[in-house]
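A.B. asks: Protein chains in written order, with full-length UniProt numbering: chain A, 1 to 340; chain B, 1 to 340; chain C, 1 to 340; chain D, 1 to 340.
None of these hints come from the bench; they were simulated from the model.
Don't take every hint at face value.
Note that identical chains are pooled: a pair holds if it fits in a single copy or bridges any two copies.
Unchecked claim - The list that follows gives simulated cross-link-like pairs (lysine to aspartate or glutamate, EDC-like), each with its CA atoms no further than 20 angstroms apart: (1) 27 to 332; (2) 270 to 192; (3) 304 to 165; (4) 108 to 52; (5) 304 to 331; (6) 306 to 127; (7) 306 to 26; (8) 304 to 334; (9) 257 to 332; (10) 27 to 302; (11) 43 to 252.
If you want the building blocks of each chain, they are given just below.
4 protein chains.
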Amino acid sequence: MLYFENDYCEGAHPAILQKLMETNFEKVPGYGTDPYCASAKEKICAACRCPEADVTFISGGTQTNAIVIASMLHRWEGVVAAATGHVNGHEAGAIEFTGHKVMGLPHKNGKLDAATVRNFCATFYADSNHDHMVFPGMVYLSHPTEYGTLYTKAELEALHAVCQEYKMPLFVDGARLGYGLAADGTDVTLPDLAKWADVFYIGGTKVGALCGEAVVFPHGAPAHFMTMVKQQGALLAKGRLLGLQFDVLFTDGLYEKISRNAITTANALKKGLAAKGYQFFMDSPTNQLFIVFPNEQLAALEGKAKFGFWEKYDDAHTVMRIATSWATKMEEIEQLLELL
Amino acid sequence: MLYFENDYCEGAHPAILQKLMETNFEKVPGYGTDPYCASAKEKICAACRCPEADVTFISGGTQTNAIVIASMLHRWEGVVAAATGHVNGHEAGAIEFTGHKVMGLPHKNGKLDAATVRNFCATFYADSNHDHMVFPGMVYLSHPTEYGTLYTKAELEALHAVCQEYKMPLFVDGARLGYGLAADGTDVTLPDLAKWADVFYIGGTKVGALCGEAVVFPHGAPAHFMTMVKQQGALLAKGRLLGLQFDVLFTDGLYEKISRNAITTANALKKGLAAKGYQFFMDSPTNQLFIVFPNEQLAALEGKAKFGFWEKYDDAHTVMRIATSWATKMEEIEQLLELL
Amino acid sequence: MLYFENDYCEGAHPAILQKLMETNFEKVPGYGTDPYCASAKEKICAACRCPEADVTFISGGTQTNAIVIASMLHRWEGVVAAATGHVNGHEAGAIEFTGHKVMGLPHKNGKLDAATVRNFCATFYADSNHDHMVFPGMVYLSHPTEYGTLYTKAELEALHAVCQEYKMPLFVDGARLGYGLAADGTDVTLPDLAKWADVFYIGGTKVGALCGEAVVFPHGAPAHFMTMVKQQGALLAKGRLLGLQFDVLFTDGLYEKISRNAITTANALKKGLAAKGYQFFMDSPTNQLFIVFPNEQLAALEGKAKFGFWEKYDDAHTVMRIATSWATKMEEIEQLLELL
Amino acid sequence: MLYFENDYCEGAHPAILQKLMETNFEKVPGYGTDPYCASAKEKICAACRCPEADVTFISGGTQTNAIVIASMLHRWEGVVAAATGHVNGHEAGAIEFTGHKVMGLPHKNGKLDAATVRNFCATFYADSNHDHMVFPGMVYLSHPTEYGTLYTKAELEALHAVCQEYKMPLFVDGARLGYGLAADGTDVTLPDLAKWADVFYIGGTKVGALCGEAVVFPHGAPAHFMTMVKQQGALLAKGRLLGLQFDVLFTDGLYEKISRNAITTANALKKGLAAKGYQFFMDSPTNQLFIVFPNEQLAALEGKAKFGFWEKYDDAHTVMRIATSWATKMEEIEQLLELL
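Bound-form chain A, shown alone (with noise of 0.2 angstroms):
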């Protein structure tokens, strides 16, 4: 069975697995405070070119993502997010969980711009009863996107001054920003983000590690923020298994390394399915494709190629999404591409 169904299909990388086996026995304190955490905090500041940044570990998305929300937003604002955006429409209501609204703009493959961010703020704030309504208080996006679509380096600037112009914050959820860093073409790398960005996280679940994002706040976090987590359920009491995990992949560009394994097999993917005629959903040059295939050899694939089910393409067709990761292996590819 060839397995391309998602990104977090396999374990962790090994040197991670290596790393947690010698360093087992060592007695360290909880909660983020052992010299994992530290060393890796350090490594993540290093690789963002920003020295002074609060780095927090906390052992998901969905769960990141509820976090740095609830903590930055003033009860009476919500989020505003693309409406296909993650927190919008797959995490189970885990922002109004915390009591906040998320507001659903338009979007292009999955991407928010500046001009219908500052449109719709400009609309509020004209609005007599804006003091009736929730307030846009932050910018959600992800990069990459839902779609796998990425921003460039002036659009994120474009929404950094929207976002100064109305004093929101802006949130990049990174779950999997590895593979938006080491896609071609890109022109945003970490201390871009860093700079754009009042908070944003590298996504180490779906590229490498057991589990655990690293939320960055470059101008550092909301007070009290560590109860915060908390108060969410988030702190782990072994955070070394957290910290250890990213000073891996921080330690000589393992993250990079092993992201852009998962670019190459996507291209090796896409140029081979372009070869063979097949009908590409959208273009999307990270490491997920999203391919119209016809429900009959869908039917004929089962048991030897598993895909993700996107979406209803018409009654003949369906969408499916094809990912490929950090562990992909060129073999498979090739596997994949003769089934196909």
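Once you've looked at the hints, dock chains B, C and D against the given chain A.
C.D. replies: Chains B, C and D in isolation, oriented as in the chain A frame:
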């Protein structure tokens, strides 16, 4: 100054004040257990032809929406509403504050239709990831809608059917219900609402009361509803204030009679404006007219007539809402028409 | 039937109803922006000798407590209160519903003392794990307390000092404030409250109004307080109803005058009961008496006099609360004393 | 440095790391639907002799408490706990953040007894105002308690009985359950917990895992539990990480075996300290010892041994917690005894 900004600018129908005076020194028990609440409930049940209904009085509309919705949804559910619904845009996030998502769907003149809701639910349940999403748990309508439009009996029945199909209670916000029931050409009556809705409320604040909405649960209220009302801060110690007002409004058809006045005056105004060639932004059969004015004319009207801002039409024009009410006098209409 | 069950069994002071009648057809703007609210605020500021105070009107006590507390606490903070405080035991979890812990401390006759609060805070901050705990973020008192007892000026000053020391606002629930201010022997005045509290409210519901509490922030309200009031469902469209009542109550010392009536009648009753040898469960200087009755006597009184159940005293006796109010007549006291 | 500060200072049992290595590149589905979760569930059901139990894995204790409690309480209910319970004091208000009150009752050495709970509930329901109060909706225990003490089977049975009587589920927090089950003299087994509790969890984080708690619902989980877990941010994409660890821990009695190690080492330490005349703050039969130290001695120990601060005893003495774990070696005990 001719004041047509909204339908809550006056106090209460004089019969209410009269009754408050007469009964002022009677000593009655608190928290809605007094004889006026009991009498009002009985009269409302009779008017709804629904003797077994549960009726609760709450002081305002936003509070009622937040209480009803939060008491009927499960934790994993959100409320489906027209994107223009009051709960989605104009209640400062009161629903999200209770932990629930408002799922805004496309509308036609403020109305939600059964096919849109069915399609939304069918797509939701067809998505194999729906356990990671917010479940549609309730449908919210208002009658009249934000745009003063009305559902037909057939439309309500169709919405009821889709709600039954997907096991969602149907909730009708009747903040301006009197004006809906009294409109020309409507075929929807109170007993119809009691038949097709699982919960609805009869607006008092905008229809002759100082404050108060009567929430009707035709099939009985949720368990411990009173404790939830208290928990959301809405249980008035002097519940008599709300009960007595509805007791008066539901005596000798007063609610209907005064609601009709808003329609008669709105109709006269509509006729007059049409004759003068004014542009109607949309056709609204109830007590709110939406008229496109040149900005210059609005400037000239300042200090002479007051309308409600609705939205910008274009750079030179603005849509304004002109509202009549139970208290509007025909001579005010005449004066306004002279002025325009 | 002699009704002494509570102090909210009558309607409103007749001057309020009179004013409602007189102003009924004036057309005024909504949501608390009307001239009656403005006038009432001005009069309350004057009475508090605090011209720069912010005043907001909210319809009931539980709602006011929930709104004030939730608007002033940070996410990581709870509210410190006497274990017997209304917010801790009798509001159906309204505070917790907004996400905050009520931290109940030991009390003396319903009163919290400064040393208890200081000790609690000192212990909290001395605990090296306090970042894993709920921070004490505000102190809640009621004046009079649940037991009708009163703070002295010196006690309030001491509580203010500990609040300053630990950067906690001091909140005084004045649901029955009039009766506290009018009590014999108290040295606490409205300007004292404005001096020592960061926020307090002047109860209307139990002191002559149909509904309504006036929240006073001597140093200004929290940012966006009005939007938070709306978000918790408490912004009445016809704000005039609340403003007008307080405007009347704060005209010509009416609030003081009618508050004093409750004290005069309570004192007469107290004297009479003492003369007859009744056992006082505790000494309360305001409008509530707590008397230990043999259960047999209570059975005999049924249908003749109505008191409020307070608590079981022993198998043969029950503590009952007898409440007077602004509306109690001296002849009712005489009749009750005859009966007992 | 001899490190005895807590029982989560090491990594995981080597067999877990070994298995992580072996299975690392297997591609398995996400969100707890993998074969390791399935296998672990089966083994846990067998160990509990409760084949129909529902088992869910969650990464940490506070999160588990918040999720279980919020998923089982109704809106109008709170959770009854010992005042010293972890949920009441040490989780930064995580329960209140979900909208529920923690009702702290008096305890004996950290234990809640059935009579206290019954009396609390009886008083609650006897109060005619209880609809204005938070209903007791669930009972929370921990086994071992915060003080390392244990319930007997008879005590659990009695608590179960009062829970049944008042229709409250009984929840047992087993963050250190292994150490409770392995203690000398206990008569409580896993099948007993499955019999008397409605939900409990088997702690992994403190008993040999990197992270993870196994929540067991002997009579089935609440409807849509998985969606609620997601909504609270706790659904790990790589659920295999949790499942695999419990699969290893419940293979060949590993969980019991390693739990016993903590007891054996704690017992040796206890014996040694008693022989040396140390003062025990309380008697704890599990892996935590609470010892009263002179402050001078603690100062002298700095840099040589690390214990956990428990509380101030008097001006010259401090209570310290010394914790052993699954990983403590007997020679560390010997070294510590030599030092003390």
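A.B. asks: Against which earlier hints does the structure fall short, listed by number upward?
C.D. replies: Structure breaks hints 2, 3 and 4.
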